[in-house]
Amino acid sequence: MTTSSLGAPPRNVISKILDKVGGGLVQAVLVLIGLFWLVPTLGLFVVSLRQETANNSTGWWTAFTKPAEWTIKNYADLLATGFTASFWNTVLITVPTTLLVIGIASMAAYAFAWMEFPGRDALFLVVIGLLVVPIQIALIPIAKLYGSIGIFGSIAGVVLFHVAFGLPFAIFLLRNFFAGIPRSLLEAARMDGAGEWKIFSTVVFPLAKPAVASLGIFQFLWVWNDLLVALVFANTENQPMTKALQSQMRQFGTNVDILAPGAFLSLIIPLILFFAFQRYFVQGMMAGSVK
Amino acid sequence: MTDRLDGPPAPPPVSQAVPEAAPEKAPEPAPVKAGSLGPPARLAIWFLLPGVLLLGAMVIYPIIYSIFRSFYDSNGNTFVGVENYATIFNDSSTLTTIRNNLIWVAVAPALVTAVGLVFAVLTERIRWATAFKLIVFMPMAVSLMASGVIFRLVYEQAPDRGVANAIITSVTDVFGSSDGYPDARPRENDRSPVAGQQGAVVTKQPAGPGKAVLLPLVGVKPETLASAATAKAPQPGPGELAGTVWVDFTQGGGGAVNQVDPTEKGLTGVTVEAVQNGAVKATATTEADGTFRLTGLAPGDYLVRLPESNFHAAFNGIAWLGPALITPAIIGAFIWVWAGFSMVLIAAGLSAIPRDALEAARIDGATEWQVFRKITIPLLAPVLLVVFVTMIINTLKVFDLVFVIAPGSVQPQANVIALEMWRVSFGGGGNQGLGSALSIFLLILVLPFMIINIRRFRRDNQ
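Line by line, the protein sequences are chains A and B. Number 240 in the working numbering belongs to position 240 of the first sequence; there are no gaps in the numbering. Here the working numbering = 1-based position in the second sequence + 1000.
If you're looking for bench data, these hints aren't it; they were derived computationally from the structure. Everything numeric in this text was worked out from a predicted model, so none of it was measured. Backbone N, C-alpha and C define an ideal beta-carbon position, used for all residues, glycine too. No false leads were mixed into what you were given.
Label pairs and their calculated CB-CB ranges:
| hint | chain 1 | residue 1 | chain 2 | residue 2 | range |
| --- | --- | --- | --- | --- | --- |
| 1 | A | Gly150 | B | Arg1127 | 58 to 64 Å |
| 2 | A | Ala68 | B | Gly1199 | 41 to 47 Å |
| 3 | B | Tyr1061 | A | Asp121 | 20 to 26 Å |
| 4 | B | Asp1261 | A | Ser247 | 55 to 61 Å |
| 5 | A | Ala80 | B | Gly1199 | 54 to 60 Å |
| 6 | A | Pro67 | B | Gly1056 | 58 to 64 Å |
| 7 | A | Thr202 | B | Gly1365 | 57 to 63 Å |
| 8 | B | Asp1183 | A | Leu271 | 47 to 53 Å |
| 9 | B | Asp1261 | A | Leu25 | 53 to 59 Å |
| 10 | B | Arg1127 | A | Ala122 | 48 to 54 Å |
| 11 | A | Asp121 | B | Ala1360 | 36 to 42 Å |
| 12 | A | Ile151 | B | Thr1172 | 55 to 61 Å |
| 13 | B | Arg1127 | A | Gly119 | 48 to 54 Å |
| 14 | B | Pro1328 | A | Leu25 | 25 to 31 Å |
Calculated from the model, a selection of chain B residues having no Cβ within reach of chain A, i.e. all distances over 10 Å:
| hint | residue |
| --- | --- |
| 15 | Thr1078 |
| 16 | Ser1092 |
| 17 | Phe1249 |
One chain only, chain A, in its complex shape (with noise of 0.2 Å):
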């Protein structure tokens, strides 16, 4: 659980074995392997680029040679399919969630890591239990529920639906970060007469910022790149732009031009973030794994 994961780590045993074989084959093999990982993007950005005529006929690496092959059209075509609004429905999805997710399950942490009542232990030992039920479980009986209610299809029932299930993750890391808050800080704001929630508002919330930090960011690219709640739960007026995609895949092959620039628009502000905040997003990985 270091902050050092992207960071060059000491040397040792095995850098030795590759000093003898040679550090520019290990470079050279590693270039490789950079771009296997690399050029498949890189291809839908391309692709996204292109002349419908022309990725129906050519590989997209020829366009490098063939400017007059480069267009912004797919990407007006797709805006013409009402995409924007599908952008809108991801936002008003995601912003949400991750604001619940965060406040909800911080004030829950809370209560796990510093007071004491009965039942604490067990019911954290539910919470972990909960950490790898899988969300096919809920599908049926949340859209009756839903149904019943009348928000089945709504961005609510979306949200409602990903803050429940973002909540075990979330509960786990915060209670493990706040509970490694020196004892002594709270004590000595509860000298000061100061009261669970304003030690929990004052004191504990803003120590945890950093795992909030991990937190946030892993919950908003959880949600941001969800298909499968979607899927079930949001109307095609309320859709997301996972689900509006997928609604265009039925006829892949033939609409390559519209797939392409969505798939590229749809995966930017996650890319944004993750250059941004890569740390903390490795941070909240490595908490959430290594338990």
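Starting from the known structure of chain A, arrange chain B on it as the hints suggest.
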């Protein structure tokens, strides 16, 4: 986990919105240990309430509901006992999903862990390791939907459109023959100067340096010849065995058999061998006009042979998205997505290994490989296990990638439990009884990992 002591009970706050207003009984000085914060137990309810309500209503209740629902028929009116579960294990389409999930679990987690280990080790001392890790890690931020679209493009079958087949084609082109002429063959009559021989084409009469040979072929499709140059008759230089490989067929009629006629086309890129007593003495490749020159031959008699490789069907791309390869192809995309996760966790584990343990082993005379096998790997074992287990859980729940990458026509062959659950309950199947049974089945499959998580947590917090 730090132990905390019970504090004195305090009256519950009037409302959560104004918790500061809640009377705060001064905590008694802690009699033992580090001291108690002593928050009142009933106050905890207000902190827990929103989360517990949501988890109860939207996670716990659905589990219970699904258990009951799985014993009822498709519209939920008739109790059918375990019939839905029986269907899972009898119906050929659900059995396919179970088989596919087994393949996934058997292959993907091990591969992802191994790839992550290799990457983590390789990048240990590279200066631009951070850049490399960012690139490999990037797919984690991208939706599986977008990754699916990306890989639909990668796996397009036509080698001039899908990048996977384009790479394979260019590699096979380097190592093998280029586009062949699968249908080309000698004319089947006694007057033809060449004859077929075990897939190759060989001249009937031997020739030596300074001579010219003719290798007329027929059966090449006109579209193959659209851009071919006109064939020329061979003109051997001194010491050369020259010849022409061409299509001995004049379009529109006319032309003499076994003669290079003015409009007839040469075959380019054909490999030609001069053979003496079964040994190849010289090779050449035909020019655009079908001519070739075999040089450096000692005087003597040679047979001219066009080896079998000229007549292989041109490589037409692997059907990645066909029924046979679809699951391996999707697993490939899965590795692309998750390798970064595995690499970053393992790299963190690597950097946490104490140097002294390794040094001690080295001083005792262990080779580097032994150190890696006997010390590094065992010390990494907990991290490797975490990655492996996380990947098993992920592969059991895999949905998006299969849904997006597999074309509709091969989805039955690529199907997995999580996808089948959606299909039977929402994607047109309309059988929520079977859907519930499938979701319970999925839950049972992840149950061991739930128990592992709980056990590990209890052990770590003892």
